[in-house]
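Peer 1: If you want the building blocks of each chain, they are given just below.
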Amino acid sequence: MDFKTINTGDAAEVWLTGRLEFTDHDRLSDIIALVEQSAARRFVLDLSGLEFIDSAGLGMLLVLQDETESRNIKMIVRGPAGDVRRSIELARLSEVITVEF
Amino acid sequence: MDAARYDCMAEPAVRGFSLLRDRVPADMAARVVARFAGTMQDHLDEPAARGGQAGGRAVETLLMERADHDRLRAAFGRSPFLTVELGEDADERAAPLDDWSGASAADHPDLPGFYLSLTTGTAYGLQCPVLVCDELARRGVLEPQRRSNVELCLHEAVANAIVHGNLGLSSAVKGEPGGYRRFSEMMRDRLGDPAVTRRRLDIFCRWNDRCVAIAVVDQGGGFDTELAPATTGNKARSGRGFVFMRTLASRVTVTDGGRCTVLQFDR
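Residue numbers (our numbering), protein chains in the order written: chain A, 3 to 103; chain B, 18 to 284.
Only true hints are included.
Pairwise CB distance ranges (calculated): (1) B:239 <-> A:13: 39 to 47 Å; (2) B:263 <-> A:80: 23 to 31 Å; (3) B:83 <-> A:42: 42 to 50 Å; (4) B:226 <-> A:87: 29 to 37 Å; (5) B:156 <-> A:42: 45 to 53 Å; (6) B:151 <-> A:74: 44 to 52 Å; (7) B:238 <-> A:6: 34 to 42 Å; (8) A:41 <-> B:151: 42 to 50 Å; (9) A:6 <-> B:239: 40 to 48 Å.
By construction, these hints were calculated from the structure, which means they are not laboratory data.
None of these values were measured; they are calculated from a predicted model.
By construction, the Cβ of each residue, glycine as well, lies at the ideal position given by its N, Cα and C atoms.
Here chain B stands alone, though its shape is the one from the complex (with noise of 0.2 Å):
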C-alpha cells in the first residue's frame, strides 16, 4: 500500500489510518484538480485561511466498512479530517487509491473542513446532509437560524448526486403518464445493482470567518451543466432542486462535467 499508513486499529467498526498527501496518485491529483480548481481555490488563499498551512504531512482519517447514522456520529464526535465507508467486500488496503476524492482534503489537512465519503447503498435513505449539517452545528460553522437553508440546498445537491448521478436515472419518465411507477421501478432496479450502488459519494466541507463552502461529488456521467435550470415553471415536476441552491445559497458551482456541485454560504 503506497497512499497510507495505518496508525492504529481502533473498535473493529471505525478503524484510524493516516493518508500521506505527498503520494496520492498522480491520476486522482488530476481528477480532484477538475473538480474543485476554482471554486474551492478562492476561500482558500485568503490570508485567513492559510494560517495553518505549514503542518504534517499525515491526515487522520477514519474508515469504517459499513456506515450507518450511530457509527456516522461516532465517527464524527472524534473530529477526523476524513471518514471513508469502505463499503461491502471492499479491499481496506486498496481504499485510499479508489477514487473517492479525499486527495483534495489531503492538500490543506490543516485548514478547518471535514471530508466524507460514503457508498451510493447507504447514502440512499441515510439522510447525510442532516449529519453533516449536524457536524457543522457542532463545529460552530452553522448557525441555527441558517440551518434549514443550508440543510435544503444540501438535500437537493446530495438527492441529485444519488438519483441522477450514481443511480443514472432522468427525472423525464415522472412527465409521462403514470411516469412516477416506472420511476419507482427503475430506482428500485438500480438500488439492486451492486455495481451502482457501491458508486460514491463524496461530501467536503469546508469553511473560514467569511464563507462556507460544501462541495457534493457523485461518480455518474455527469450532465450538461448549461441546462441546470435557474428558473422552472410551477407546475414542472422536476428542476427545482436546483432552483432552490441558487435561490438559497450565495453561489452554486457545478464542475467535473456536472459530477461536483459546490455550494457556498457567506457567513
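Extracted from the complex, chain A is given alone in its bound form (with noise of 0.2 Å):
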C-alpha cells in the first residue's frame, strides 16, 4: 500500500492506493503520526484508489477510527469501490465507521 497526504486546512485527507494487507502494519504507524501531529478537525481516508483491503486492513480502519476518536478528530473513509467496499459491506463497518460511498 502507498499513500499520500493532502491538508485541507479543514481535513488532513490520507489516499491510500493499491492493497491494504496483514502485511502493511508498519504503514499504519505511519498514517498514525499523521493524524497524531494534525491540528486538523476532520480526517478523510480516501479509498478511492485502493484496490483491495483483507480483514487485517479493515480492522486498521477501526484502529485509525480509535485514534482519531481518541484525539476529537471525525474520521471519514470514502470512496470504497469494487473489492474495496464488498468487503467493507461484507463486515458491516460503515456501522461504526462513517463511510462515504
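Fit chain to chain and form the complex, with the hints in mind.
Peer 2: Written as C-alpha cells, this is what we have:
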C-alpha cells in the first residue's frame, strides 16, 4: 500500500492506493503519526484508489477510528469501490465508521 | 535419494524432476492423510474425477531455489503438477523428503490440479493468492465473475497460515492499547528468524465439474478449530478472515489441528 497526504486546512486527507493487507502494519504506524501531528478536526481516508483490502486492513481502519476519536477528530472513510467496498459491506463497518460511498 | 528421479536440468532457476509416488515416506503419507482425509476425498471419488487415475507413477515437478513473482509465472506456464521452492540453503536432494505435502498430489497425479510449496519468507508479500487465481483462470477453472470472492477467501486463508500459523503470532495483542505497534514489531522479529521463515506454506488446488477445492497448509502450532468464529462483532479487531471465508466459500473445512484449511467453491 502507498499513500499520499493532502492538508485542506479543514481536514487532513490520506489517499491510499494499492492493497491494504496484513503486510502493511508498519504503514499503519506512519498514518497514525500523521493523525498525531494533525491540527485539523477532520481526517479523511480516501479509498477510491485502493484496489484491495483484507480483514487485517479492515482492523487497521478500526484502529484509526479509535486513534482519531481519542483526539476528538472526526474520521471519514471516502469512496471505497469494487472489492474494497464489498469487504467493507461484508464486515458491516459502516455501522461503526462513517463511510461515504 | 529415494523419492525422486531427476529428468532434466533445465535453466538454473527452475529444474524439473519426477516424484515417484510409491516411494513417499510412510510418515509423510500419514501426515497427508491427517490433513486431507474427508475433505479432498469426497470429490476425488466422484465418477467424473476418476477418469485418468490409472496413469504412471511419475509426477511432473518443478523445483526452484528461490521463488518470486516472475519465476512462479514462468513455472506455472509449463503446467507442472508440483511447484516447489527449495528455499535458501536447502538441500535439493533432500527436498522431496521434506515436510511439504506434495505426497497428496502424487496419489492422484492424473486428476486436474496443481500444488505450490513456498517458504514463508517468500510467501510473505508475494501475493501468492493472486498468482494462484491467475493460474486457476488460465486453466479455465475460475470464471471472471467469481474471481474476486475466491481470491479474498484464499488471501484470508494464506494470511492466517503465514501470520498465525508459521509466524506464530496471536491477534490478541492487537486489542491492547498501542497493540498495533507491538504486533508490527513482533512480526518484524519473526520475519528475521530463519528458522521461522523457512517453514512451508503449501497451496493445493484440485477441481472437477462441480467443485474447486483449495487447501492451504502451514507448519505452525495449529489452533483450536472450535474457536474459529462464524460471526464477529463489527468492532472486533480480528476474526473477520474466517467470517469472510465462511460467507463466501461453499464450504470451509479445517483439519490437522488447524494447520490445514480447505476452501471449496461449487461451480
